[in-house]
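Line order of the protein sequences matches chains A and B.
Going by this note's numbering, 149 is the number at position 149 of the first sequence; the sequence numbering is gapless.
This note's numbering runs 1000 ahead of the 1-based position in the second sequence.
If you're looking for bench data, these hints aren't it; they were derived computationally from the structure.
The reader is advised that the hints may include incorrect statements.
[Stated by the list, open to error] Taking lysine-lysine and the BS3-like style, the derived pairs with C-alpha atoms no more than 30 angstroms apart in a straight line are:
1) B:K1171 - A:K158
2) A:K91 - A:K204
3) A:K158 - A:K204
4) B:K1095 - A:K21
5) B:K1171 - B:K1223
6) A:K78 - A:K158
[As the list claims (entries may be wrong)] Label-pair distances were calculated between CB atoms; the ranges are:
7) B:P1281 - A:S208: 37 to 45 angstroms
8) A:L81 - B:G1033: 37 to 45 angstroms
9) B:P1003 - A:G140: 54 to 62 angstroms
10) B:N1052 - A:Q188: 33 to 41 angstroms
11) B:V1036 - A:Q25: 29 to 37 angstroms
12) B:V1041 - A:A167: 28 to 36 angstroms
13) B:N1052 - A:G124: 26 to 34 angstroms
14) A:G191 - B:P1003: 36 to 44 angstroms
15) B:M1263 - A:K78: 36 to 44 angstroms
16) B:G1013 - A:L209: 48 to 56 angstroms
Backbone N, C-alpha and C define an ideal beta-carbon position, used for all residues, glycine too.
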Amino acid sequence: MNQEIKDLLEAILVGNADLAKESVQAALRISLAPSEILNEGMIAAMAEVGERFERGDYFVPEMLISARAMQQGLSILKPHLQQSDLVSQGKIVIGTVKGDLHDIGKNLVSMMLEGAGFEIVDLGTDVPADRFIGAVTENGADVVAMSALLTTTMPQMKTVIMALDEAELRDRVKVIIGGAPVTESYAQDIGADGYAADASRAVKVTKSLLN
Amino acid sequence: MDPVLFVEPEYIGPSLPKNTDVFGRGFSEVDYGTGVYKECVHFPLAQYQTLNEIKQNYKWPNPDWWDYSGISDQIKGFEDYPVKGGGSEPFLVYKDLRGHEQAFVDLATHPEIVHFCLEKLFALCYENTVRIYEQIPGNVQLSFVGEDFGSQQMLMYSPNHIREFFIPRMKRMIDLVHKAGAFVFFHSDGAIRDIIPDMVEAGVDVIDPIQWRCEGMDRSELKDSFGDKVIFHGAVDNQYTLAFGTVDEVRQEVVDNINLLGMGGGYIIGPCHNIQPISPPENIIAMYMAGLEYGWT
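For reference, chain A alone in the conformation it holds in the complex (with noise of 0.2 angstroms):
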């Protein structure tokens, strides 16, 4: 492997946002293909903090660095991607929904996702239906992630797929959805596609519904 890939990769395992940033400029420098920082580089990464959170050597704070500095070095990296190196996994709409504040699970589910190489249109906290709704038809996404830190707030997560419904969107996007109070049968039923533990569990269940 090319000495600035490792680089990048390293700058993100260790979280390190200035060395991702300039490792990507290195990279470049010297003429790498972008889709393969891309994929060698950042995606790699990424996975790798995937596997390091489950087997409980990174915690929230490591992972969140290491997020932001993907994030960083991907900000440096994406002008120079050509249409046909975006190969997108896929297109997500994600959002904590109405009533909730609450924001870092879901932030690492979007950041994990879109170090996963999937596109992200992140609609913020206290999210209501109608809002869902509307990104979904404007971005044609595959796939409406949502989040609830609160037993209160939860069943809004029905309502969302209640609109889906209604709207006659169902049949078009998977629906994930995760949160501290959010289980496995909580998603069965209300009729959700999947259900993640934590952000990287969240990347796999997602791959897996759209394969």
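Following the hints, complete the assembly by docking chain B onto the known chain A.
Relative to the frame of chain A, chain B by itself:
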């Protein structure tokens, strides 16, 4: 059931604009359909990049902004009740000062900011606790020492971070509480099994809330491992059981808790968090009735 009497000083400091507090946090009521939650929406230290900026620009609250003279009156007529007061949970405030995500990131990228701010916040908690104890010597039974360490699956922070940033200050508070003859009520949500040995060693007396559905929080195992050293408090799940379960499921959970956590004593029944408004009233009653029925040994 005797309620715990909570004592606290009266605020007499500078007047505060509406929906703000002594730390400059801004709050907003967020409507979730059947009620409102007050959430922090302004994070006063979020704008700063360095410790120096914080030192130069931020004014910390002063313990003299509170009047402690009324505390002895607060326990009059309640002499037979357990009294709770003082304690610390500085990272809870820190998260609101910096913004929650940045607070997590700071542990890895800005340890100097975390240590400085936690020390300021903790010093305020410590002085508050000392002053409460001085007002009613020997009359406080419980002081709260908390910090949420767990997610549903695992610790949110590495054990190394917990040992560096949190436990040493907790230990100072624990020693103060014990010196005053009170018990330490330790609170941490979530899957915290991996750090419980550290907390027990630090001297906690009660562990709350025992979210047994979380990874590693097996009630029998906890009782076997720590039951001779600590009291368990809480353990009635309100992410599923109280909120969405049946009356039978609630009753069964109470019975299981009493059998598993309470074998030979050492368990105080309660919900794992404030009872959520979507919980059916019959479930709430079932929890307490089952406690009354099966909780006597």
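The hints, checked one at a time:
Distance hint between K1171 of chain B and K158 of chain A is unfulfilled; the C-alpha atoms sit about 44 angstroms from each other, more than 30 angstroms. Distance restraint check for K91 of chain A and K204 of chain A: the Cα-Cα separation of roughly 15 angstroms lies within the 30 angstroms cut-off, and the hinted pair is therefore satisfied. Of the supplied pair hints, the one linking K158 of chain A and K204 of chain A holds, its CA atoms being roughly 23 angstroms apart against a limit of 30 angstroms. For a cut-off of 30 angstroms, the pair hint linking K1095 of chain B to K21 of chain A stands: about 28 angstroms separates their Cα positions.
Proximity of K1171 of chain B to K1223 of chain B is assessed by CA-CA distance (about 23 angstroms); at most 30 angstroms being required, the pair is judged to hold. With a C-alpha separation of about 36 angstroms, the suggested pair K78 of chain A and K158 of chain A falls outside the 30 angstroms cut-off, and the hint is violated. One distance hint, 37 to 45 angstroms for the beta-carbon pair P1281 of chain B and S208 of chain A, holds here, with the actual separation near 41 angstroms. For the pair L81 of chain A and G1033 of chain B, the supplied restraint of 37 to 45 angstroms holds, since their beta-carbon distance comes to about 42 angstroms.
Between P1003 of chain B and G140 of chain A the beta carbons are some 56 angstroms apart, a value that agrees with the proposed interval 54 to 62 angstroms. Evaluation of the 33 to 41 angstroms hint for N1052 of chain B and Q188 of chain A yields a failure: the beta carbon distance comes to about 53 angstroms. For V1036 of chain B and Q25 of chain A, the Cβ-Cβ distance of about 48 angstroms falls outside the hinted range of 29 to 37 angstroms, so the restraint is violated. Checked against the hint of 28 to 36 angstroms, the pair V1041 of chain B and A167 of chain A passes, with Cβ atoms roughly 30 angstroms apart.
Look at N1052 of chain B against G124 of chain A: about 32 angstroms separates their beta carbons, and that is inside 26 to 34 angstroms. In this structure the supplied range 36 to 44 angstroms holds for G191 of chain A paired with P1003 of chain B, their Cβ-Cβ distance being about 42 angstroms. Against the hinted window of 36 to 44 angstroms, the Cβ-Cβ separation of M1263 of chain B and K78 of chain A comes to about 60 angstroms, which falls outside the hint. Checked against the hint of 48 to 56 angstroms, the pair G1013 of chain B and L209 of chain A passes, with Cβ atoms roughly 54 angstroms apart.
Violation of the numbered hints given earlier is confined to hints 1, 6, 10, 11 and 15; the remaining hints are satisfied by the structure.
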